[in-house]
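Heads up: the sequence lines are chains A and B, in that order. Per my numbering, the very first residue in the first sequence carries number 357; after that it's consecutive. Per my numbering, the very first residue in the second sequence carries number -18; after that it's consecutive.
Zero decoy hints are in this set.
Sample of chain B residues lacking proximity to chain A, with all beta carbon distances greater than 12 Å (derived):
#1 N0
#2 R3
#3 T37
#4 P61
#5 F64
#6 R81
#7 L129
#8 G131
#9 L132
#10 P148
#11 F151
#12 Q255
#13 C344
#14 A346
#15 E347
#16 A363
No farther apart than 27 Å at their CA atoms in a straight line, the calculated lysine-lysine pairs in the BS3-like style are these:
#17 K434/A with K161/B
#18 K107/B with K154/B
#19 K526/A with K560/A
#20 K107/B with K39/B
#21 K526/A with K11/B
#22 K560/A with K373/A
Simulated from the structure, these hints should not be mistaken for laboratory data. What you are looking at is a predicted structure, and each value in this text was computed from that prediction instead of being measured. Note that beta-carbon positions come from the ideal geometry of N, C-alpha and C, so glycine has one too.
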Amino acid sequence: MTHAFPHRIAARFAALKAEGRGALIPFLEAWDPDAATSMAILRGMPGAGADLIEIGCPFTDPMADGPTIQRAGQRALKAGAKMVHTLAMVREFRRENTTIPVILMGYLNPILSYGAERFCVDAAASGVDGLIVVDLPTEEADMMAPFAAANGLDIIRLVAPTTDAQRLPKVLDGSSGFVYYVSITGITGTRSASLADLHTALPKVRAHTDLPIAIGFGVRTPAQAAEAVQVADAAVVASALIDTLQGSLDADGRPGPNTVRLVLDQIRGLADAVRGARVAA
Amino acid sequence: MSTTVASRVPPSATVHGANSLRTGPDARGKFGGFGGRFVAETLMPLILEVEQAYETAKADPSFRTELDYLLKNYVGRPSPMWFAERLTKLYGGAKIYFKRDELNHTGAHKINSCVGQILLARRMGKTRIIAETGAGQHGVATATVCALFGLPCTVYMGATDVERQAPNVFRMKLLGAEVKAVTSGAATLKDAMNEALRDWVANVTDTYYLIGTVAGPHPYPMMVRDFQSVIGEEAKLQLHEAEGKLPDVAVAAIGGGSNAMGLFHPFLDDPSVQLIGVEAAGHGLDTHQHAASLSRGRPGVLHGNRTYLLQDEDGQIEEAHSISAGLDYPGIGPEHSWLHEIKRVEYVAATDNEALAAFQQCCRAEGIIPALEPAHALAHVAKIAPAMSPEKIILMNLCGRGDKDIFTVAGHLGVKL
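Just chain A, with the same shape it has in the complex (with noise of 0.2 Å):
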């Protein structure tokens, strides 16, 4: 089968299972604190050893995140965060870079507010590769799915440990790029999966699909993260990265001079341990 899009996640992810080991996806919120400080973020990523590159899109009502995203949402919209920006933001990084998978992770109001259609024209055209819509389950993907396929976009379906066996197909048909599977019951940042919790769900999920598995929700330090890759293909980090960059910003909600050192050195730090963990392929 041909494809008229690159497909930058599934080569990913071929690239890493070659390599024997697990990917490192660490995620930033779109302008916060501001447009400057988020895209050097971005821009640092890949260097810093992120495999793939998940993006927050800032909404006022965030109903899956814990305060630290919710916080993070909050600074980007104060600072004008709008989607044309999240939009562009991924086309000036693929100016320097056109291979790492971006994915965007958002809410489903400002999608429909941009028109989904115009939407996923304009997130492939900008070099997203793949969406993540938190508050679309499988029951009313059909709002998405055909926009997103006709522009080369995965959907990237959460799947949860509330999902049960006879749920799961429902919810892996339709899913392409990788499964992204919400370790607990619970909102972002807030509390971590046990490593013998992930070794008995992962392999329940894995029995559904081929599509390699993220785990996200709650993976914070390099031990989680290298642990987290040894039962799935990924480790998605995100609050403790913007608990790192809240702290580093001043009384006034301003980057401090360390910010985007702090936030790289960090995702340095997970992706060393992720490379040590030595998957086996």
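Chain B: place on chain A using the hints.
What follows is chain B alone, placed relative to chain A:
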């Protein structure tokens, strides 16, 4: 009363025909293009479980029996129908009737749905209840049924509302509920609902989310409407007893829209009954300080359903404003959005000042202190009644009493309590 007239009034358990407007939502929880189930995957299985449990309960006569028992003996239903004779004279036109749901236990219509949902939660084996509240009426009603059933209760309430609805906060605490002040976002009702959804995601196994209005993901808009429809069903029979006919106009205030949906639904297939929903115009529809989602919003997705929302051009949700905390919500139940688009219900708006004026008129003319929510409905009644002939009948849902609002009203009238 002649039997011919009586036979024209359908009983509450109507069999809906093919052209009925009362058959929604469809299997996907949609009313036309509105409604649905827009929640994160973690919640999806639970939403489906609630739907299944509700369908099973509906088909179980013992559920209905227990619900009816509670509605009669605990809530105090049926609530009376009151001919507001002095207000009728004051406005000088149509006859005005109040459906007095403010006389329910806990002082508002919210309890109707709470007793239904707590029975459902118990059937589902849930051991902890959460709820969101704006004005605090739904929080109080939820805390009340939780006390009755001995279940722990956590109520999420915007920090702004905690401040302006202090009496209700204290009531909830007296009833044994934990009130969590929500400081995220604008710290009002929508943020309380976000926070309740976040709690639910984290406590899926033991917790039931008792939603207060006809919003949220399917099946909530349908289920809350069903439980609130007792308002319209009783009103239809009571008005038939009093006047031998249907009302010409039925009016209700709208925030999320539960009291209005409860009043309107039994009348949807009666084309002679004009239905009017009154949104909160706050400082005015052409200011940015109102809560009129249908008059000034556009469709989008929030809190699990597609509906009209107050939002900016980038799809960010805007803050609502109303003197009434219970109407201070940037969305509206999806069935209202559909009824708006098919033009079965007319949606208008009343400002803070109009509501305040109606509030005072109701106190002095009828000896009833209404909540600020139905004061918005009365403000619209005051606009339309004078131009109607005295044979015409306006039915208004007096959905809550005003004890909780006396501090807010005093503040606006420049009185220190």
